[in-house]
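A.B. asks: End of the sequence shown sits at 293 in the numbering used here; the numbers just go up one at a time, nothing left out.
Keep in mind that the hints were calculated from the coordinates and are not lab data. It is possible that part of the hints are untrue.
To be verified - Below, in silico cross-link-like pairs of lysine to aspartate or glutamate (EDC-like), each with a Cα-Cα straight-line distance of 16 Å or less:
| # | residue 1 | residue 2 |
| --- | --- | --- |
| 1 | Lys168 | Asp114 |
| 2 | Lys183 | Asp164 |
| 3 | Lys6 | Asp87 |
| 4 | Lys6 | Glu172 |
| 5 | Lys228 | Asp216 |
| 6 | Lys152 | Glu172 |
| 7 | Lys187 | Glu95 |
| 8 | Lys6 | Asp114 |
| 9 | Lys47 | Asp68 |
| 10 | Lys55 | Asp68 |
| 11 | Lys277 | Asp40 |
| 12 | Lys112 | Glu85 |
| 13 | Lys183 | Glu172 |
| 14 | Lys55 | Glu65 |
| 15 | Lys112 | Glu137 |
| 16 | Lys134 | Asp106 |
| 17 | Lys112 | Glu82 |
| 18 | Lys187 | Asp256 |
| 19 | Lys134 | Glu108 |
| 20 | Lys61 | Glu79 |
| 21 | Lys168 | Asp87 |
| 22 | Lys168 | Glu137 |
| 23 | Lys187 | Glu128 |
| 24 | Lys277 | Glu248 |
| 25 | Lys112 | Asp87 |
| 26 | Lys134 | Glu113 |
| 27 | Lys134 | Asp114 |
| 28 | Lys134 | Glu109 |
| 29 | Lys6 | Glu85 |
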Amino acid sequence: MTTAIKTVAVCGAGGTMGAGIAIVAARAGYRTISFDRTDDALSRSRKQTEGFVAKSVERGKMSPEARDAMLGLMSSTTEIGELSECDLVIEAVFEDLTVKRQLMRDLEEACKEDAIIASNTSTLSITEIASGSKRPEQIVGMHFCLPAQLMKLVEMSPGLLTSDATLKSAWEWVVASGQTPVKTQDKPGFILNALLVPFNNDAIRAVEAGVAEAVDIDRAIKAGLGYKMGPLELIDLIGLDTQVRLCEAFYPVTLDARASAPPLLRRMVAAGLLGRKSGRGFYSYDGNAMFGA
Numbered sequence: 001m002t003t004a005i006k007t008v009a010v011c012g013a014g015g016t017m018g019a020g021i022a023i024v025a026a027r028a029g030y031r032t033i034s035f036d037r038t039d040d041a042l043s044r045s046r047k048q049t050e051g052f053v054a055k056s057v058e059r060g061k062m063s064p065e066a067r068d069a070m071l072g073l074m075s076s077t078t079e080i081g082e083l084s085e086c087d088l089v090i091e092a093v094f095e096d097l098t099v100k101r102q103l104m105r106d107l108e109e110a111c112k113e114d115a116i117i118a119s120n121t122s123t124l125s126i127t128e129i130a131s132g133s134k135r136p137e138q139i140v141g142m143h144f145c146l147p148a149q150l151m152k153l154v155e156m157s158p159g160l161l162t163s164d165a166t167l168k169s170a171w172e173w174v175v176a177s178g179q180t181p182v183k184t185q186d187k188p189g190f191i192l193n194a195l196l197v198p199f200n201n202d203a204i205r206a207v208e209a210g211v212a213e214a215v216d217i218d219r220a221i222k223a224g225l226g227y228k229m230g231p232l233e234l235i236d237l238i239g240l241d242t243q244v245r246l247c248e249a250f251y252p253v254t255l256d257a258r259a260s261a262p263p264l265l266r267r268m269v270a271a272g273l274l275g276r277k278s279g280r281g282f283y284s285y286d287g288n289a290m291f292g293a
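Model the full structure from these sequences, guided by the hints.
C.D. replies: If you want it as structure tokens, here you go:
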């Protein structure tokens, strides 16, 4: 555990990504506060977290003592003022620049002056998110991979005004939490999504063109390239609506046609086929247990 950071908050913790980041923080021994706007979202997240760690104990990946210690470090709130003593705040709300900027302003009012505020954005510019901030030097990009509680990569992206001290402290926290940081420039999609968003869209277009069924495309990718999860399984996990938002954030600044949302993707979202969270996407699901549980 780093000495500078002792208490961590995750905003948007009612979502799959936020819940996973909260697990990462608490599992590493940090007091962790999960913040979201509704009690229902936090309740669902807590239930999924408890299911995940119960399965981890059952599989021998976590001891009962470690599970109890981790859960004991976790709390939740719908009151942003309760984040006032946090040393690091990680926002994991959906990809909307206006929403993220407003949250940054709210956090500046709620958090102590030396708090580091990190954005889990996957495509948006950290510099633009920090635009209008009173302390842009303390805002840094910290993009976890989904599911955060299983995937080790964290893309660390300083904005134009992010201080070296902020990046250093955030980087050290990522390492202390058992994750693997890589530094990227503040460019759309960073490393992962610059490659992944067009690739996932290619898989959707292959389904749309009748090249193969979703299950066979995923099976081919996993068997041929050694991926643990196929692209269509991954889209179902992150949410088809999230894939649309990624396209809408990424395409206008790159003008890469492969990054534009495929018509099939938009039709499925319009029909409410959002993936795991709605029970049906490219696959059908019974329940919405946290991935890995």
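A.B. asks: Next, verify each hint and record whether it holds.
C.D. replies: How the hints compare with the structure:
The hinted pair formed by Lys168 and Asp114 meets the criterion: a straight-line CA distance of about 14 Å does not exceed 16 Å. For the given pair, Lys183 sits about 12 Å from Asp164 by alpha-carbon distance, which is consistent with the 16 Å threshold. About 6 Å separates the Cα atoms of Lys6 and Asp87, which keeps this hinted pair within 16 Å; it holds. For the suggested pair Lys6 and Glu172, the alpha carbons sit about 12 Å apart, so the restraint of at most 16 Å is met.
Among the hinted pairs, Lys228 with Asp216 is consistent with the structure: their alpha-carbon atoms are about 14 Å apart, no more than 16 Å. Note on Lys152 and Glu172: the hinted pairing holds, with a Cα-Cα distance of about 14 Å set against a maximum of 16 Å. Restraint check for Lys187 and Glu95: satisfied, since their Cα atoms lie roughly 15 Å apart, inside the 16 Å limit. Among the hinted pairs, Lys6 with Asp114 is consistent with the structure: their alpha-carbon atoms are about 13 Å apart, no more than 16 Å.
A threshold of 16 Å between alpha carbons decides the hint, and for Lys47 with Asp68 the separation of about 15 Å falls inside it, so the pair holds. Taking the CA atoms of Lys55 and Asp68, the gap is about 13 Å. The hint holds against a cut of 16 Å. Between Lys277 and Asp40, the direct Cα distance comes to roughly 14 Å. Compliance with the 16 Å bound is thereby established for this hinted pair. Restraint check for Lys112 and Glu85: the C-alpha separation of about 6 Å stays at or below 16 Å, so the hint holds.
Restraint check for Lys183 and Glu172: the C-alpha separation of about 13 Å stays at or below 16 Å, so the hint holds. Proposed proximity of Lys55 and Glu65 is supported: the alpha carbons are some 14 Å apart, at most 16 Å. Taken as a hint, the Lys112 and Glu137 pair is honoured in the structure, with Cα atoms around 14 Å apart against an allowance of 16 Å. For the proposed pair Lys134 and Asp106, the alpha carbon gap of about 11 Å is at most 16 Å, so the pair holds.
For the given pair, Lys112 sits about 11 Å from Glu82 by alpha-carbon distance, which is consistent with the 16 Å threshold. A hinted pair counts as satisfied when its Cα atoms are at most 16 Å apart, and Lys187 with Asp256 qualifies at roughly 14 Å. For a cut-off of 16 Å, the pair hint linking Lys134 to Glu108 stands: about 8 Å separates their Cα positions. Taking the CA atoms of Lys61 and Glu79, the gap is near 34 Å; set against the 16 Å cutoff, the hint is violated.
Among the hinted pairs, Lys168 with Asp87 is consistent with the structure: their alpha-carbon atoms are about 14 Å apart, no more than 16 Å. For the given pair, Lys168 sits about 12 Å from Glu137 by alpha-carbon distance, which is consistent with the 16 Å threshold. Between Lys187 and Glu128, the direct Cα distance comes to roughly 11 Å. Compliance with the 16 Å bound is thereby established for this hinted pair. Taking the CA atoms of Lys277 and Glu248, the gap is about 21 Å. The hint is violated against a cut of 16 Å.
Pair hint Lys112 plus Asp87 holds up; C-alpha atoms about 8 Å apart against a cutoff of 16 Å. With a CA separation close to 10 Å, the supplied pair Lys134 and Glu113 stays within the 16 Å bound. Between Lys134 and Asp114 the alpha-carbon distance is near 12 Å, which keeps this suggested pair within the 16 Å criterion. For the hint pairing Lys134 with Glu109, the CA-to-CA distance comes to about 10 Å; that is within 16 Å, so the pair holds.
The hinted pair formed by Lys6 and Glu85 meets the criterion: a straight-line CA distance of about 10 Å does not exceed 16 Å.
This entry does not satisfy hints 20 and 24, going by the numbered hints stated previously.
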